[in-house]
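Assemble the complex: chain A is given as a structure, and chain B must be docked to it using the hints.
There are 2 protein chains.
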Amino acid sequence: MPLFLRAKKLDFTSDSSPPIVVLREEEGAIFGIQLGDMVELFVGGQKIIARAFFSTRKVNRGQVGLFRETWFHKKESIKNGDLVEIHELSRPPSIQAIKKKLLGKHLNYSEIHSIIRDLVDHRLSHVDVTYFVASSFVKEYTDQELYYLTKAIAETGEQVRFPAKIVCDKHSVGGLAGNRTTMIIVPIVACTGLTIPKTSSRAITSPTGTADTMEVLAPVSFGVQRIKQIVKKTKACLVWGGSLELAPADDEIIHVSRPISLEPFTKMIVSIIAKKVAMGITHLVIDIPYGPTTKVPHRSQAEWVAKKFRFLGRKFGIKMRILMTDSRESVGRGIGPALEARDVLRVLQQKEWRPKDLEDKSIRLAGIIFELTGIAKRGTGSSLARDILLSGKAWKKMQEIIRAQGGKALIDSEDVTLAAKRYRVHAGIQGIVRKVDNHVINDIARILGAPYDKRGGIFLNKRIGDRCRVGDRLFTLYASNAERIKLALDALQRVHIYTVR
Amino acid sequence: MPLFLRAKKLDFTSDSSPPIVVLREEEGAIFGIQLGDMVELFVGGQKIIARAFFSTRKVNRGQVGLFRETWFHKKESIKNGDLVEIHELSRPPSIQAIKKKLLGKHLNYSEIHSIIRDLVDHRLSHVDVTYFVASSFVKEYTDQELYYLTKAIAETGEQVRFPAKIVCDKHSVGGLAGNRTTMIIVPIVACTGLTIPKTSSRAITSPTGTADTMEVLAPVSFGVQRIKQIVKKTKACLVWGGSLELAPADDEIIHVSRPISLEPFTKMIVSIIAKKVAMGITHLVIDIPYGPTTKVPHRSQAEWVAKKFRFLGRKFGIKMRILMTDSRESVGRGIGPALEARDVLRVLQQKEWRPKDLEDKSIRLAGIIFELTGIAKRGTGSSLARDILLSGKAWKKMQEIIRAQGGKALIDSEDVTLAAKRYRVHAGIQGIVRKVDNHVINDIARILGAPYDKRGGIFLNKRIGDRCRVGDRLFTLYASNAERIKLALDALQRVHIYTVR
Chain A
27 MPLFLRAKKL DFTSDSSPPI VVLREEEGAI FGIQLGDMVE LFVGGQKIIA RAFFSTRKVN
87 RGQVGLFRET WFHKKESIKN GDLVEIHELS RPPSIQAIKK KLLGKHLNYS EIHSIIRDLV
147 DHRLSHVDVT YFVASSFVKE YTDQELYYLT KAIAETGEQV RFPAKIVCDK HSVGGLAGNR
207 TTMIIVPIVA CTGLTIPKTS SRAITSPTGT ADTMEVLAPV SFGVQRIKQI VKKTKACLVW
267 GGSLELAPAD DEIIHVSRPI SLEPFTKMIV SIIAKKVAMG ITHLVIDIPY GPTTKVPHRS
327 QAEWVAKKFR FLGRKFGIKM RILMTDSRES VGRGIGPALE ARDVLRVLQQ KEWRPKDLED
387 KSIRLAGIIF ELTGIAKRGT GSSLARDILL SGKAWKKMQE IIRAQGGKAL IDSEDVTLAA
447 KRYRVHAGIQ GIVRKVDNHV INDIARILGA PYDKRGGIFL NKRIGDRCRV GDRLFTLYAS
507 NAERIKLALD ALQRVHIYTV R
Chain B
27 MPLFLRAKKL DFTSDSSPPI VVLREEEGAI FGIQLGDMVE LFVGGQKIIA RAFFSTRKVN
87 RGQVGLFRET WFHKKESIKN GDLVEIHELS RPPSIQAIKK KLLGKHLNYS EIHSIIRDLV
147 DHRLSHVDVT YFVASSFVKE YTDQELYYLT KAIAETGEQV RFPAKIVCDK HSVGGLAGNR
207 TTMIIVPIVA CTGLTIPKTS SRAITSPTGT ADTMEVLAPV SFGVQRIKQI VKKTKACLVW
267 GGSLELAPAD DEIIHVSRPI SLEPFTKMIV SIIAKKVAMG ITHLVIDIPY GPTTKVPHRS
327 QAEWVAKKFR FLGRKFGIKM RILMTDSRES VGRGIGPALE ARDVLRVLQQ KEWRPKDLED
387 KSIRLAGIIF ELTGIAKRGT GSSLARDILL SGKAWKKMQE IIRAQGGKAL IDSEDVTLAA
447 KRYRVHAGIQ GIVRKVDNHV INDIARILGA PYDKRGGIFL NKRIGDRCRV GDRLFTLYAS
507 NAERIKLALD ALQRVHIYTV R
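Chains as they are written, first to last, in my numbering: chain A, 27 to 527; chain B, 27 to 527.
Chain A with its partners taken away, still in its complex shape:
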C-alpha cells in the first residue's frame, strides 16, 4: 500500500545517486522503511527511485522532503505541496538469488544477471550488495559462475565497439608503485596501425593511477563519441575509464568491498575482464607483478589468477598473453602523477637519464602484443618495439594522442612542473639496498598530496642492489607546502622505504 505525503522542496544536495528524500521516521516505519532504504516516488507524472533519510526538523508529519537533485533538473516542475505517492521499493526478485547464494547454492546466468541488473538500477541497497559480496565466501564461485558474473557486469554497462578486426589492450593488475608502462606501450603499439583504446583508472588508495599521470599531459575524461573520434584519428587513446559507464556494477561492488578490505582475486579478475569485454577488446596482454608488497604476493597466486584469466579469455574469445614478473620494487624513479609523467617522457624522448627498468618492461610488454597480434614473429616482438621507441616514432605518436585529447604536445620531460617544496633524504648508514617497501612508498606519496596534488610525490634515487654510502641521496620528497613535507618526515620516523644492510 502506498504512503501519500506532500512534497517539500529542500535546498540541500547530496550529489549521491540515487537521490535522497527525507521522511519522518514514524511515517516511514508504517511501511517498514528504515534509514537508507530505497523507495519509489510518483510525483507530477514522474517516477523517482530514491534513498530514504529521516529528519524530524525539516519535514512535518504528512510531508516528504525532496533533496535538490530530485527536483532541480526536472522539466515538469515539482511544487511544494504536490501529492507524492511513495512505495517501499518492493524487494526485487534478485534478493532471492542473493539468498540462494548465501545459503550455499550455485547460481545460473539468469539469477546472476538479475542481481547485477538490479544493482545497476539502484534497486539494491548497500546492505543487499554487501550480502551479495559476502555470499561468495559461503561457496566459492565456480568458473562457470565467474563467467556469468563477468558477462552480466559487462552487459549491464556501456558497450563500446571500434571498426577494427583487432582491438588490443594491455592491463596491469597493479599494486606496484610507478609502473607507468601503459603510457609508453600505447604509442609504440599504435605506431604499427593496431587499435589500442586504453582506458585506465584513477588512483583510489594508491598515490596515482595511469589516468592521473596522463592528466598531467592532457585531459582524460571523455564520452564514448569523443573517444571513438580520438581512436579514429590516432588508433589509440589514454583516457579515464570512469568517464565511460563501463561495468557500472563493479563500482558498487568495490564500494562495499573496501570497508573490510577483502578483495578476493576473483573480484579483481571479473572486474578487469568485464571492462575489456565492454570495450570490445580482442587481444589482451596482462601484466601480473607479484612480490611481497604488491597486490599478488606469491608466484603460486599469480598462477592461480592467470588460470582464471585464461578461462575467461577463452569464454569471451579474447586472445590473451600473461606476463608474471617477480617485482620487489617500483618501476621507474618517480612516484606521483607529475614525477611519473616525467619518467614516461624521459623514456619516450630517449633522455640519457631515463629509467631503464621502465623502458625495458614497456618494450617487453609491447613486444608480447606484437607477437600475440601477429605483427611480429615469435621472438621478434621486443626488437620491433625497441626500434619504434628508438626511432622517435613512439614519441611522435604520443604527441598525436596528447593533441587529440586536447593537451599541449610539445612538453619536454624536464619541463614538467613539480611541487615547489622539496626535501632530500640522505643515507645515515652504509651498505647495500636490500629491500624497498612498496606500501611505505604509496603511503608517503599520499601524505605528500598525490594524486590530488599532481605535483607531489617521491623521486627514488636508489634501487635494490645499489651500494649506499653515508650521505648518499636516497630519495627526494616533493609537496606543495612545508606542512606536508613535515608530515611525511614524521611518518618516516616510524616506517622506512629502504632496508640497507
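It is possible that some hints are incorrect.
Chain copies aren't distinguished; within one or between two, either way the pair holds.
What the hints assert, rightly or not - Pairs of lysine-lysine residues, derived as DSSO-like cross-links and limited to a Cα-Cα distance of at most 30 Å, are as follows:
1) K191 <-> K258
2) K512 <-> K73
3) K334 <-> K35
4) K131 <-> K422
5) K34 <-> K84
By construction, these hints were calculated from the structure, which means they are not laboratory data.
Below, chain B without anything else, positioned relative to chain A:
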C-alpha cells in the same frame, strides 16, 4: 594522517546516530573516505564519531559541514571556522574477527566481544555489520559461539537487577496475531508476590506488539530507575523494552537483517536470551507457537529452537520451561492495539463474552511459571492461576500496574475507544472455516492503521471449525478514515483471511 578542515554549522538534522558530517567528495577521497564511512572528528576539545556524507553545495573546499546534532547540544560551543581534525576511523581490530568468520573460521569470546563492542560504539558501518551477519552463513555458529554472542550482546548494554531471588519472565517468540497473553499472565503471577518485570517490544512488521497494546491503557516508556520503582511497588511492570538500552547490538543487527528478510532462528534466540540476561531473569517460560503462518512453521523447527534455548538457559543459569503449541489461528478476537487491549480487559474483568482461547493459554503459561518457580506443585499451577483470575485479584493487580505506570486504571473493557469507521464483512458462501491466514490478518490490520493508529484493526467473528452460513458476520474492519477501509477492502479482493469449505 588527519585531514584539517574548517567547521561550518549546518541547520540540518538527521536525527540519526551516529551524527552526520558533510565533506566534499574529493577531499574525503584523499583519505579514502566514501559516502557513509565513519570518521572521527576532534573539534573544540571534543571527539565526535560521525558518518560522512557528501555535498558540493553546502560546503566549500576546506570546510566540513556539521549537522545540527553535532553542535546544538554541546556545552563547549563549536563556532563556524573552528579547526576540525578529521581521522578516517581506523578500521577497528574487530574487522579482522569479522573477516575470520567470513573465511569460515570459528571465533573465541574475545573476538566476538570486540565485534559487538565496536558495533555498539558505532565503530562499524552498516556494511561491516552486514558482513558480520552474512558470516554466519559461511559457517554456522557452534553452541559455544552462540553463547559467546549472547553474552557479549547482553553485556554491552544496560544491566538491570532487581532485589529478588526469583525474577521471572514469560516470552513468546511471536509471529502470531493477537496472542496478548502477557498482559494477563503478568498480573496473575505478580499476585503471588513473584517479581515479573516484563519488557515487551513494539510492533515492527506486525500490526501490534505487547508494548503498543499496553500503551492503550498506560504509558510504557520509562528509564531504569522508574521501572525499578514500578516493580518495587507492584512486583511487576508492562513496559516497552526499547526505552531501556538492553542489548543495543541487537537493534543494529536487526537493521541490516531486515532488507534481505533472512532471520535465522539463531539470531532470534540470541536476541531474546541476551535481553533476559540483561534484565537479570532467573526463571523463564518460553511460548513457541508453531504453524504454517507463524514465525516457526514446523514442529521440528520448534524443537530445534527449544534445544538452543535450553542450551543457553543452562549456560546462563536461567531455569526454563518451553511450551510449544500447534497454532493455526490467532489467539483472541481483536487484532490491533485497542481491540487487543479490549480482549485482555474482557478476560481480566471476566466478561461473559471474553475470548476463552486467550484466557486458557494465559492460565496455562502462568501455571507453568508457578510450577517452575515452586509456587505451585507439579500439575497444580494452572488451577492456581485460574483461581487468581476468577477471584478478580489479577484485575486488581493489573489496575495497580496501570496506575503505577501513570495510566487510568478504572477502564471497563467495553469503554476502550475503537476507530470510528467500521465495516462488517459477511460470508458469501456456506461451509466450515478450515483455515485462517495469519499473514493476511497482519497485512490488513496494518493497512487499517495499526499499530500507529491504535484504534484501527480487525475483530474476528469466526474461528477454525466454526460453521458458517451465507450472511454470517466474518469480521469487522476498524479504521479512522474511510480511505483505509477502502484500501483494506481492495486488498481483500485479492487475499483472504478465512478459507471456508
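**OP:** May I ask which of the numbered hints given earlier this structure violates, with the numbers listed in increasing order?
**Re:** The structure conflicts with hints 3, 4, although it agrees with all the remaining ones.
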